[in-house]
Amino acid sequence: MAYSSEEIMETINMVENLHFDIRTVTLGISLFDCGDPNPSAAAQKIYDKITKTGAQLISTVRMMEKTYGIPIVNTRVAVTPISLLDHGYSSEDFLVIAYALEKAANTLGIDFLGGFSALTQKGFTKGDLNLIAIIPQVLSTTEKICGSLNVASTKAGINMDAINHATEVIFKAAGLTAERNGIACAKLVVFANAPEDNPFMAGAFHGIGEADAAINIGISGPGVVRATIERCPDHDLGALAEEIKKTVFKITRAGELIGRKVSKKLGVAFGIVDLSLAPTPTPGDSVANILEAMGLACCGAHGTTAALALLNDAVKKGGAMASSSVGGLSGSFIPVSEDAGMIAAVQCGALSLSKLEAMTAVCSVGLDMIAIPGDTPQEIIAALIADEMAIGVVNNKTTAVRIIPVPGKKVGDKVSFGGLLGEAPVMAVNNYSPKKFVERGGRIPAPLRALTN
Amino acid sequence: MEKAVVTVMGEDKVGIVAGIAKELAVNNCNIIDISQTLRQGIFAMILIIQLPETLALLYLRDRLEEAGERLGVKVVLQHADIFQYMHRL
Numbered sequence: 000m001a002y003s004s005e006e007i008m009e010t011i012n013m014v015e016n017l018h019f020d021i022r023t024v025t026l027g028i029s030l031f032d033c034g035d036p037n038p039s040a041a042a043q044k045i046y047d048k049i050t051k052t053g054a055q056l057i058s059t060v061r062m063m064e065k066t067y068g069i070p071i072v073n074t075r076v077a078v079t080p081i082s083l084l085d086h087g088y089s090s091e092d093f094l095v096i097a098y099a100l101e102k103a104a105n106t107l108g109i110d111f112l113g114g115f116s117a118l119t120q121k122g123f124t125k126g127d128l129n130l131i132a133i134i135p136q137v138l139s140t141t142e143k144i145c146g147s148l149n150v151a152s153t154k155a156g157i158n159m160d161a162i163n164h165a166t167e168v169i170f171k172a173a174g175l176t177a178e179r180n181g182i183a184c185a186k187l188v189v190f191a192n193a194p195e196d197n198p199f200m201a202g203a204f205h206g207i208g209e210a211d212a213a214i215n216i217g218i219s220g221p222g223v224v225r226a227t228i229e230r231c232p233d234h235d236l237g238a239l240a241e242e243i244k245k246t247v248f249k250i251t252r253a254g255e256l257i258g259r260k261v262s263k264k265l266g267v268a269f270g271i272v273d274l275s276l277a278p279t280p281t282p283g284d285s286v287a288n289i290l291e292a293m294g295l296a297c298c299g300a301h302g303t304t305a306a307l308a309l310l311n312d313a314v315k316k317g318g319a320m321a322s323s324s325v326g327g328l329s330g331s332f333i334p335v336s337e338d339a340g341m342i343a344a345v346q347c348g349a350l351s352l353s354k355l356e357a358m359t360a361v362c363s364v365g366l367d368m369i370a371i372p373g374d375t376p377q378e379i380i381a382a383l384i385a386d387e388m389a390i391g392v393v394n395n396k397t398t399a400v401r402i403i404p405v406p407g408k409k410v411g412d413k414v415s416f417g418g419l420l421g422e423a424p425v426m427a428v429n430n431y432s433p434k435k436f437v438e439r440g441g442r443i444p445a446p447l448r449a450l451t452n
Numbered sequence: 000m001e002k003a004v005v006t007v008m009g010e011d012k013v014g015i016v017a018g019i020a021k022e023l024a025v026n027n028c029n030i031i032d033i034s035q036t037l038r039q040g041i042f043a044m045i046l047i048i049q050l051p052e053t054l055a056l057l058y059l060r061d062r063l064e065e066a067g068e069r070l071g072v073k074v075v076l077q078h079a080d081i082f083q084y085m086h087r088l
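Quick note, the sequences are listed as chains A and B, same order. Start counting the first sequence at 0; every next residue gets the next number (numbering that gives the first Met the number 0). Start counting the second sequence at 0; every next residue gets the next number (numbering that gives the first Met the number 0).
Only chain A is shown next, with the shape it has when bound in the complex (with noise of 0.2 Å):
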């Protein structure tokens, strides 16, 4: 035979019982054609030129999901970010884009419209304020915008500014969304580093150095990596990256010919596939299963980091073999709400703050879909974030921050988001107050990286 039925039976086991699937097919498209001083005016022009572009989105997704038999979990737009469109724009005229891109995205048919972002991290335009005010009632009046803000980046440092305004915004959408505790924040990160052509929400948007179109695709699959470990109970570490290397170059072949085939079909250019491991909250998909794979009693066990950071790299290796456009985040992803297993961890007390942060050093993309008390007070926060952001700007890596200050919830509770949203427990913050720092503001400067340019 062409094909053993061993790799054949691989194939559709992996699909079948280790929730093998690609996360998203993201069409990314750029919005620069689409200025107009009049804000309906560029409305008209953005739902037309995203509702032209993307009109064959959702039926060539389903047909390459049907010709080659791997799900294709979510579709996804991705759009130009909305504040470099400005034309001396109020909020209320950024609201009247909102809607037009929510339209769009509702007569596409697809889950998500991620780039109602701002680029933040040296300082402020008029528009990136503008918009920035209007955030939390753009994403708490509608259900697929996405919002992003840069607020730091390592060329540039740490912009606390907008660190304390992109809190403000956190906070506000949380009460706008108090009955469904807090949900808006959900679809809004914060980004150190933010890459341009990444396909995963909520931080997607499409970059100013990229095509008019292009087809980013994201990967997902921690239930494969999961069955390899477990394949592998005497392997030592070395052994076992090899082993994860092997299955990740697989799955990332598939994902890169999805995204070949939706491009040429769709006839714009193939962007990038991001390697990451999504989890989802179905048992078995889940990230910290896999750590707990290779030998921790619990996620969260001292071990922890050293464990992420060997899955992270290995999979970026197999993942590099496999496809010669990687882009995007690529990594593992560790959002709390999303992924059973870090649900427990938390639950069980193995998983902290202070642990998941220690993580985010060394593996994709940060403090993801985590749930604090409601009454945090809003410079614990903030600060939160400019940790969060250190550790991306010092390595030179991206790092976010995506949490839910979920209103009238305390430590302990536990809320549900629904769907690829998962439920989280409620987690303990550090109360020590790091107000006086966070008032400050400035900008931290940018780190010395060995007199590089």
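Since the hints were derived computationally from the structure, they do not count as laboratory data. Careful: at least some of the hints might be erroneous.
[As the list claims (entries may be wrong)] Which chain A residues stay away from chain B? Per the calculated CB distances, all over 12 Å, these: (1) Y2; (2) S4; (3) F123; (4) T153; (5) F248; (6) E255; (7) K260; (8) P282; (9) A321; (10) V393; (11) K413; (12) G440.
[What the hints assert, rightly or not] Have a look at the derived ranges for each label pair, beta carbon to beta carbon: (13) B/K73 <-> A/A238: 56 to 66 Å; (14) B/D32 <-> A/C231: 26 to 36 Å; (15) A/A177 <-> B/R38: 27 to 37 Å; (16) B/T53 <-> A/G302: 55 to 65 Å.
Note that the Cβ used here is the ideal one computed from N, Cα and C, for glycine as well.
With chain A held as given, fit chain B onto it using these hints.
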């Protein structure tokens, strides 16, 4: 001509091979390789087929799934490229 892989799994009984082969013949598909095993009463068959130019893979997929339902087995049809990409350099 496009190649595809048909995987058939289910409880063993009379007529599975014939039923699937008939559906392929009706749709003018050529079987270019076939293997079948039986483990603990579970029937598993893998066929590599060639589709005629005029036949849409998704149409055949629906026909084979219907045949599978009639025969009480699970049938999966996948374009061969997925195996080429995942298992060959």
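Violated hints - listed by number, lowest first: Violated: hints 1, 2, 5, 6, 7, 9, 13, 15.
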